[in-house]
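Engineer: Take the sequences, apply the hints, and build the full model.
Read top to bottom, the protein sequences are chains P and H.
Residue 22 in the numbering used here sits at position 22 of the first sequence, and the numbers go up by one each step.
Residue 123 in the numbering used here sits at position 123 of the second sequence, and the numbers go up by one each step.
Calculated from the structure, these hints are not laboratory results.
All values derive from a computational prediction rather than experimental measurement.
All residues carry an ideal CB built from backbone N, CA and C; glycine is no exception.
If a hint is listed, it holds; no wrong ones were tucked in.
Subject to a maximum C-alpha distance of 30 Å in a straight line, what follows is the list of computed DSSO-like cross-link-like pairs (lysine-lysine): (1) P:Lys-2 with H:Lys-57; (2) P:Lys-202 with P:Lys-233; (3) H:Lys-347 with H:Lys-125; (4) P:Lys-177 with P:Lys-87; (5) P:Lys-87 with H:Lys-347; (6) P:Lys-202 with P:Lys-87; (7) P:Lys-209 with H:Lys-57; (8) P:Lys-177 with P:Lys-233; (9) P:Lys-209 with P:Lys-177.
Simulated restraints on C-beta separations: (10) H:Leu-247 with P:His-201: 56 to 64 Å; (11) H:Glu-194 with P:Met-250: 46 to 54 Å; (12) P:Met-250 with H:Pro-317: 52 to 60 Å.
Computed footprint of chain H on chain P; a stretch qualifies when at least three of its residues, placed anywhere within it, have a C-beta under 8 Å from a C-beta of chain H: (13) 43-57; (14) 108-116; (15) 262-269.
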Amino acid sequence: MKLYELGLETLRQQLHEGLILETGPFRSRIVSHAPEVLSGLWRLYGEFPIHTGGFCDFHVRVDRVSGLRRWWRPQITFGLDGGEPFKPLPADHAFASLEWGLNWCISGHAHHYLMLHAAVLERNGLAVILPGEPGAGKSTLTAALVLSGFRLLSDELALIDRDDGLLVPLARPVNLKNASIDIIRAFSPGAVMGELAHDTHKGTVAHLKPPADSVARMAEKALPAFIVFPRWKADAAPRLTPHSQADAFMHAATHAFNYDLLGRLGFDLNAAMVDRCECFDFEYSRLSEAVRIFSDLVS
Amino acid sequence: MRLSDSILLRALREPAGMKGYDPETWDLLVRQAHGAGLLGRLGALVRAHGLDNALPKSVLRHLHAMLSIADRQRTAVHWEVHHLADAMEGIQGRVLLLKGAAYAAANLPPAEGRTFSDIDILVPKRLLPEVELRLTVAGWVTTHRDSYDQRYYRKWMHELPPMFHLERETSLDVHHGILPETARIRTRPDLIIEAALPLPGYGNIYIPCQADQILHSATHLFHEGEWWHGLRDLSDLDCLLRSYGCLPDFWATLLARARALNLLGPLGYALRLTRTLLDTPIPVEMLKLTRSSFRRSFMDALFRHGMGAAHHSLATPLTRPSEFLLYIRSHWLKMPLHLLLPHLLYKATRKEEIA
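Structural biologist: In structure tokens, the structure reads:
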């Protein structure tokens with residue numbers, strides 16, 4: 001069953017008792033009374049499968065804190081199976097906090113995978129990995145590519161399966177920050193986004209709804225083919241230049257969440273991935289040009 | 001529900017039964033095991049019983065993840081002990097690894113899948129100044145810079161203030177006893193050091209002999225003030241007892257050691273609780289060590305309820321009160337009141353330092 005089939009009222013009830021949401025290989029049981037979580041899930045997760053029982057990877061809760069802060073400048077807190085790993089946030093950051101919380105659940109626990117801090121997209125069976133230095137425009141580029149027919153695997157977490165070395169999709173919403181929200185709205189006026197959360201530690205954030213096709217195919221792993229280091233530069237003409245594989249390997253190793261932890265396995269997975277990939281630096285200023293270059297790359 | 005009926009304890013008692021668990025059962029079991037710090041052990045049991053293919057894929061991924069963490073820690077311990085051996089080369093005495101570090105470095109029965117946070121060592125008290133100097137030269141520094149804390153550790157405790165390594169950021173607890181200087185029970189760390197076994201390939205690094213591994217683990221557990229990891233430590237004891245229990249003369253040696261070290265009390269608790277909760281095979285005469293009494297039953301119940309703190313589904317209405325009593329008890333055992341009260345008063349009123 002898909003989430004939208006519940007209808008808004010039933011979804012609200014389910015969230016009080018525990019909604020089991022499937023995103024890629026993970027099932028999360030979400031409990032929340034926060035209206036922001038309800039509307040966020042309703043708006044952005046409609047196409048995702050939901051379940052009524054079985055094994056859940058993460059038991060999470062996003063709810064108002066108790067005590068004074070329940071009413072005065074209300075705060076919410078993210079809970080994982082009874083524990084509260086983070087400091088409370090303002091109540092209107094509830095949905096963003098669920099998104100970040102779920103990312104943290106994965107990056108902190110899913111060591112079955114080698115986890116890189118990178119976006120992953122796919123087209124024609126070829127996956128493109130975009131490692132992101134903060135401010136490089138990774139999320140904006142990811143959103144633009146996804147809105148132009150690329151399949152979304154993830155905007156933040158590249159998961160490499162230890163069993164087959166393939167990239168594992170999550171297909172969750174793309175987290176956009178500050179100026180990129182309006183840039184994407186201008187790029188694709190029809191794009192569906194969640195409500196804005198202001199003054200978070202990342203500034204103003206909003207999430208972009210993943211395409212139905214990406215969600216429908218979230219069990220389909222992808223073969224790594226390209227590693228592209230994007231860099232947005234004002235007025236730059238789009239330019240794809242070769243990047244050394246050795247450097248790409250080191251970059252992945254140092255920006256992975258669990259490269260050290262996996263030891264030899266981490267080395268082998270990383271090496272196999274880089275061996276399969278052509279690596280590039282990519283400088284751009286206009287999204288439409290970037291989309292054209294990427295489409296050529298995977299054609 | 002009684003702790004012994006919980007799915008976590010059932011799985012630990014009968015690992016082979018895990019192949020029949022449905023996804024709902026796994027959902028609870030993985031969470032309980034994670035809370036108790038036993039997910040890695042569960043993974044090790046699954047591996048040892050060849051159950052990989054009988055488990056849901058998603059469960060297996062969690063177990064693999066935890067085993068990866070445990071393997072990584074094991075590699076790290078070997079590396080750390082290697083440095084420790086270098087730092088202690090030529091010192092006139094033995095340096096013992098305790099608990100988690102000893103299990104990992106010597107590949108003892110509880111090692112598989114076990115995670116831990118720091119390395120504990122035991123050295124003769126007379127060597128303490130030299131050990132501390134050598135460690136400092138090799139890059140370990142003390143954590144508590146406050147003079148009260150330094151005095152507290154050095155005068156009353158059985159260990160130096162925790163140290164950590166400046167480059168590797170690993171932490172190290174240097175003990176000269178297994179109980180505080182001020183503790184109610186007096187034991188003989190010198191005998192533990194004397195009977196220790198060398199760790200091949202690591203200079204004068206040693207581990208406690210088999211009986212002492214059990215006595216130390218039991219003493220540590222039953223003097224503990226925080227009980228959420230009680231089940232993990234109890235399961236360590238179960239692993240040790242199961243694998244050493246069939247060695248010739250083991251039980252007689254264990255009993256003699258407990259008498260010599262004055263640790264019959266903790267051993268009694270350990271044997272009864274592992275027997276009741278984990279079905280550890282223990283000879284009947286060993287269980288008769290301590291006479292049954294109201295006090296004994298009360299303490300057993302306190303430990304059982306305290307261990308429920310590992311996960312909210314294991315907790316009973318008595319878990320919180322038990323945890324509180326065990327916390328008070330741990331302090332009571334550590335120090336006589338004329339030392340304890342001023343210490344707690346100082347701790348409660350001291351302003352937080354600005355780091």
